[in-house]
Structure formats: C-alpha cells, structure tokens
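Visitor: Top line first, the protein sequences correspond to chains A and B. When you line the first sequence up against my numbering, it's residues 0 to 308, in that order. When you line the second sequence up against my numbering, it's residues 1047 to 1327, in that order.
Derived by calculation from the structure, the hints in this document are not laboratory data. Glycine included, C-beta positions come from ideal geometry on N, C-alpha and C. It cannot be assumed that every hint is accurate.
From chain A, some residues computed to sit far from chain B (all C-beta separations above 10 Å) [as the list claims (entries may be wrong)]:
no., residue
1, G69
2, F77
3, D79
4, L230
5, A280
Pairs of lysine to any residue, SDA-like flavour, derived with a Cα cap of 20 Å [to be verified]:
no., chain 1, residue 1, chain 2, residue 2
6, A, K49, B, L1184
7, B, K1269, A, R25
8, B, K1153, A, A110
9, B, K1216, A, R25
10, B, K1153, A, D115
11, A, K49, B, I1265
12, B, K1269, A, F272
13, B, K1231, A, W26
14, B, K1061, A, D115
15, B, K1185, A, F272
16, A, K49, B, L1164
17, A, K227, A, S217
18, B, K1061, A, A110
19, B, K1231, A, T27
20, B, K1153, A, A29
21, B, K1061, A, L109
22, B, K1315, A, Q198
23, B, K1153, A, T27
24, B, K1185, A, T64
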Amino acid sequence: MTDVTLSSGKATARPRRPSGASIGPRWTNALFVAPYLVFYLVLLVYPLFKGIWMSMLQSDMFDDTSKFSGLANYTRLFNDKVFIGTVWNTTLFVLMTVPVFVVIGLLLALALNRSDRTAATLRAIFFGTSVMSVTIVTIIWQMMYMPDNGAINGVMRFLGLQPIPFITSSSLALVAIAICTIWWIIGLPMMLFLAALQQIPGELYEAAALDNASRSRSFWSITLPSIKRTLLVVIIFEIVAQFQLFGQAWLLTRGGPNNASRPIVLFIYEQGFRAWNLGYAAAASEVLFVIMAIAALVQFFVSRKRVEG
Amino acid sequence: MAASEHIVGRGIGNKLILFTVVLVAVIWMLPIAWAVILSFKSNAELMISTGSAFHPPYTIKNYADIFQTSGVFRWLWNSTVVSVGVTAGILILSSLAGYGFARAEFKGRDVIFVLVLLGLAVPEQAVIIARHQMFSDLKMHNTYPAIILPGLSSAFGVFLMTQYFKAIPKDIDEAAMLDNASRFKIFWKVLLPLTIPAQATLGIFSFLGAWNDYLWPLISATKPEMFTITVGIASTQTNFAQSEGLGFLMAQAVFAGLPVFIVYLFFQKYIVRAVAGAAIS
C-alpha cells in the first residue's frame, strides 16, 4: 500500500485551508508519530548503542569508574568455558523445542480445525496454559519434577520403575525445561497454524475429495504448500523466542546442575545483576543479539530458497 | 472451515484422532489439577509425602493464610497498576503513530517507519543492561514508571496499528478532509472508532505481556513492596523442595493465577480471535 499522494510529488497543487487538514506532506503531521518516537529513541535506540559502548568498558565496582578496554570483554567471553557452555545449552534448547513446536502445533491445529464445541474446548485447553506467567508454570512443574515428592516419580514408583532425576541430572535438566516450555506455550503455534488453515480455500479440498485423494496426500499436496508462509513465520518466531530462554531455567534449575542448563540470558542476568560485571554482561548480550539475528536470517534465506526453488 | 470438515469427516480415523487429542488434553491438564489439589493439603502432611493428596483431610487453611501474611495482595495491586499503565501507554502511542505512518505525510516518514520496524528485531536482552543503568542513574528503580516505561518502546503495536489504519479505505477520511476537519479531529472522531477490534487485540496482548513479564520487573523492582505478582511469587519459591510450606506455596500460585485465568475465561473467544487476527496481518 503506497501513498498515492506521496508519489504525486510536491509540484501538485494541494488544497490548503487555514484550519482544516491538508492533503500531502506537512511537518505538523509528524506530531502524530513524535510521542512514540521519543520512547523509541530514549528507551530502545539509545540503550542499544549505550549497550554496545558499555560492552567495551571495563568497569570498576569499587570507585564506580570504568575505562575503555576495546574488545577485551569479548575475548574474555570467547575464552570463558561457562559462557561457551551457555551458547551450547541455548542452541541445544532451541533444537529440542522448535521442531516440537512446529510438528505438535501443526498436528493439534489439523485435528482441531473444526467448528464444533468439542474442538473449541480442546483449543481453549491447549492455548490456556500460555496465558500463565513463567512463575506459576515453573511452580507447577516443580511439583511434577521433584526428586522424591514429585508427581512423575510418584507414578514411576507406583509402577515399580526407577525414578527419573529430571532436574538433578545434568543430562536431563535441559530436557525437563524443554518439556515444561512446550507444555506452557504450545498453544501459540497451534493458533497460528489454525489461522493459516482457515485461509485455505475450501474448493481445493473438495477437488481432492472428488479425486478420492487420501488424507496424507491432500496434506502434502494441498495443506502444506498453502501454509508455507505461516510455517516460516512460526519457525523464525520460535527460534528467536526460545533463544531468549530465561525464567524457566532460572526458576526450575538455577542453571544447574553443573551449568548444564544455564542459558545465555541467565548468564547475562547473573553477570549483570548479581556479579555486577556490567561491561562483561553487556558484551554477552551483544553476542546473543548477533546469534539471534544470524539464526533468523539463515532460516529466512534457506526457506525462501526452498520456497522459490 | 467447511472444507476441512470434509477431510475430517471420515469415520473411524476421525474418532481415533479425536480420542487421542482428548487424551492428550487430559494429560495437559494434570499438572494444573495436581497443583490445585496440593494447595488444599496441610503443609505438614505434604512434608511427609505428596501422596497424601489423594485422600482427605483437605483444608482451606493455606488460602486463609494468604489473607493473613502474604504480600500477594500488594503484588496483585502492583501488577494491576503496571499492566494497566503499559496497556494504556501502548494503545495511545501506537494509535497515534499508526495513524501518522499510515495517513499523515511528512518529510522522511517512510524512512523513519523502516527504522522503527528494524526495532522489532532488537530483543529486550540486547538493551537491558543499558536500560538498567539509565534508570539507576536517574534513581528511578523501584517505582512504577521504571517498570512501565520500557514496555512502551516496543515497535509491535506501532506496526500492528499502521497496518490496520492502512487497510481502512481512504475515501472515509478524504470525505472528512473536504469538510474542513483538522487532522486530529479526523483521527479522533472518524478513524479511531473504526480501529476498535485492533485496539482490543493489542490491548489484550499488552496486558497479558505486562502481567506475565518477568525479566525487567525482576531487575528493576528489588524491594518486595514493589514486586509484581510474577516476581513476588517467584521470590517465595526458592527452596521449594525442602520447603515446609509446600501447600501454602501452591495456594499462592493458584491464587495468583486466578486473575489471569478469569480474564481468559471471559475473553477466551476474543483472545483466540486476537491471536488469529494478528497472525494474518
């Protein structure tokens, strides 16, 4: 949607009246966007650049001064085993959760893409958990995961099986966080897929039904191609969102045991607001920013190629 | 809808799918049910074993204790102030800016719009250290404005409202312009009422987002009396496993979850439509 009046240029004569609105550019029109721009500049653009600047400072907590240290924080980061570990953990977490969000989200959407009451109720159940805060979600899941007193291990013992050390084992802690995350926000991809499914014109399926096409055939040849764009949106959105893992890890495992479930944002939080290494934390946050931008870009180009080719 | 019902309208296969989904939905609700049951058990009993949750006695003492001792009410109030503030601020700023970007021309507008859209790509974590420093320098932490203001810089609402204003046929405001109405009057009287569905979408998102926000309130509000409910409940759960107050913790969680649960029950259709609407735009 381009503005016709804008492209017609300045040469065109425009009606100007003393009190009324004129068509065409006018500086007073900028007053509509000015209030937001103030917030945008002061609370987003300025801290973005200030953050980059801070990442190049070596702060001294004791006399509250800091001096320029170039890329020293970054070199230190890349030699910090704990930080590298958090990058690995976060990537692993994204790889564990994003495919599940896509597959289960789509399966639920396909199964619940109907207009009856049962489907509506089921949709409400699966989406309902997403409106809870991370605090409540993690309290609920602690009750599931607790080593001795938790619900899951209660069931395991009842069945005569070995209890599973979800949050106390370094190989399972991240999996436990992933399960709880999927339970929490599976509703969003489901809803996005549902919205896309309802945009598919009905005639396509009617034609397929006449051809006696099987369910799986009409899925691969009609449904999937029609929702390609949403698929891409969901994947990119989930990658970016899951890279920001923080609350679940902080509240369920505190990043442990032995750093096994410490994500990047938790590292930033601990360095920045517990150890008060502001410059170091700022550098870590810039690295996260770059990783997320790259992940989204790669995904975008790969999928565009596939869609076009 | 009708079309997909065609596909789904196939006897046994469908029953099997429905059965599976219902089963999964039941499993989905078990963790919540478990937390609710635990909240009705006495702390002492749960200390020995949570298995006692399957049989009486049940008690409402944990809920009664909330009214006596906990900071939950103060935190609920803080969350209400913060969420209403964020929602109102976002709606006002985004509506004005959305109208501006969609309709009111000025020099450099399109460039500025692209720059604002780039802001969508900046995650909160990339700016959070510097933001925290800014509010420290102004000695503003542990105040409502400090918790509210950063949320107003999000570009999402501006993007949503700009799209919405652009989709309104131009004839509507051009007719008003011929009537010699001022820009603001056209915005306020003619176009804004047409954007109510978008306001609802954005309002619901903003409110839930602010209510559930954890990271920023966690670092900005360090005094318990300024905690939001999300931060406050989290602060009580540190020693959950060994805690002698398991039942009380559950009651707090259930109680704190109630307002959002009620909002969801009432606005469920609206929330679902909001998500779907935002997805299509």
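Visitor: I'd like to know which numbered hints this structure contradicts. Please list them from smallest to largest.
Guide: Of the numbered hints, 5, 7, 8 and 10 do not hold.
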